[in-house]
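S.K.: Each chain is listed here by its residues.
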Amino acid sequence: GAVVSQHPSWVICKSGTSVKIECRSLDFQATTMFWYRQFPKQSLMLMATSNEGSKATYEQGVEKDKFLINHASLTLSTLTVTSAHPEDSSFYICGGPPGQGTGEKLFFGSGTQLSVL
Amino acid sequence: AQSVAQPEDQVNVAEGNPLTVKCTYSVSGNPYLFWYVQYPNRGLQFLLKYITGDNLVKGSYGFEAEFNKSQTSFHLKKPSALVSDSALYFCAVRDHDYKLSFGAGTTVTVRA
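Protein chains in written order, with this note's numbering: chain E, 5 to 121; chain D, 37 to 148.
A couple of the hints might just be wrong.
Unchecked claim - Far from chain E by the CB rule (all over 10 angstroms, computed), these chain D residues:
(1) V63
(2) G79
(3) N104
(4) S120
(5) G141
(6) T145
Stated by the list, open to error - Heads up, simulated PhoX-like pairs for lysine-lysine below, C-alpha to C-alpha not over 20 angstroms straight-line:
(7) D:K135 to E:K59
(8) D:K94 to D:K113
(9) D:K105 to D:K85
(10) E:K68 to D:K135
(11) D:K58 to E:K45
(12) E:K59 to E:K18
(13) D:K113 to D:K85
(14) E:K70 to E:K18
(15) E:K59 to E:K45
No lab work stands behind these hints, which were simulated from the structure alone. This one's a predicted model, so the numbers in the text were calculated from it and none came from an experiment. We put the CB at the ideal spot given by N, CA and C, even for glycine.
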């Protein structure tokens, strides 16, 4: 299956700093990438959809100025958590469809555990 | 809006016994349904999907799922569970924008 590489796997940062999470599609071109957030023992909540060459689409309630998403190329999407605070601590995961077919599944990265001190 | 529900937070079974993880769906139109598994601190691994065709879908690692339109269900099953199947399982439904909406997840524990 298609491979999505997500880095870093773990990051600990101080409150007020910014953290960038990278999501790369290694063997397919991702025109779209989805960013999810997961709290411990909870489901995955869609935060935003990144689109190559255009602005990301954010779900209701997600602060676009806080969670900056950039889809610089067909193989790279990034999520930057700006001025991170402890409440931003969470597991972030990206996933993309490798094709345009209606039955396409998403392939996910291994996720990033963010801890803000 | 498309949604799925997983009525059980936890499922506990003995190794070798059948495993069932329940999922019901609510969609307008034809459902595109998926099952994913998540191991601790890991990403999601695709197990199987239903788009159209046979109601019984075969997937990875010996899992299968049965699509039941009349009951709006898509239960995940494995005839003989392994300890290594212990993980968090998510049912999901896809909308026309490829977005996946996930259920709350079911923690499966298989005891030796």
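S.K.: Each hint should be assessed against the structure and marked as holding or not.
M.R.: Hint check results:
With a least CB separation of 14 angstroms from chain E, D:V63 remains clear of the 10 angstroms interface cut-off, as annotated. The claim that D:G79 is not at the interface with chain E is violated, since a C-beta of that chain comes within 10 angstroms of its own (minimum 4 angstroms). For D:N104, the requirement that its beta carbon stay farther than 10 angstroms from each beta carbon of chain E is met, with the minimum near 19 angstroms. Distance to chain E confirms D:S120 as a non-interface residue, since its nearest Cβ pair spans about 18 angstroms, more than 10 angstroms.
A Cβ of chain E approaches the Cβ of D:G141 within 10 angstroms, the least distance being about 5 angstroms, so the stated non-interface status is violated. Every CB of chain E lies more than 10 angstroms from the CB of D:T145, the least distance being 13 angstroms, so the non-interface label holds. For the proposed pair D:K135 and E:K59, the alpha carbon gap of about 17 angstroms is at most 20 angstroms, so the pair holds. Of the pairs offered as hints, the one joining D:K94 and D:K113 holds, with about 10 angstroms between alpha carbons and a cut-off of 20 angstroms not exceeded.
A hinted pair counts as satisfied when its Cα atoms are at most 20 angstroms apart, and D:K105 with D:K85 qualifies at roughly 15 angstroms. Distance restraint check for E:K68 and D:K135: the Cα-Cα separation of roughly 18 angstroms lies within the 20 angstroms cut-off, and the hinted pair is therefore satisfied. This hinted pair checks out: D:K58 and E:K45 have alpha carbons roughly 17 angstroms apart, not beyond 20 angstroms. A threshold of 20 angstroms between alpha carbons decides the hint, and for E:K59 with E:K18 the separation of about 28 angstroms lies outside it, so the pair is violated.
For the hint linking D:K113 to D:K85, the alpha-carbon distance of about 13 angstroms falls within 20 angstroms, and the restraint holds. For a cut-off of 20 angstroms, the pair hint linking E:K70 to E:K18 stands: about 16 angstroms separates their Cα positions. Taking the CA atoms of E:K59 and E:K45, the gap is about 31 angstroms. The hint is violated against a cut of 20 angstroms.
Violation of the numbered hints given earlier is confined to hints 2, 5, 12, 15; the remaining hints are satisfied by the structure.
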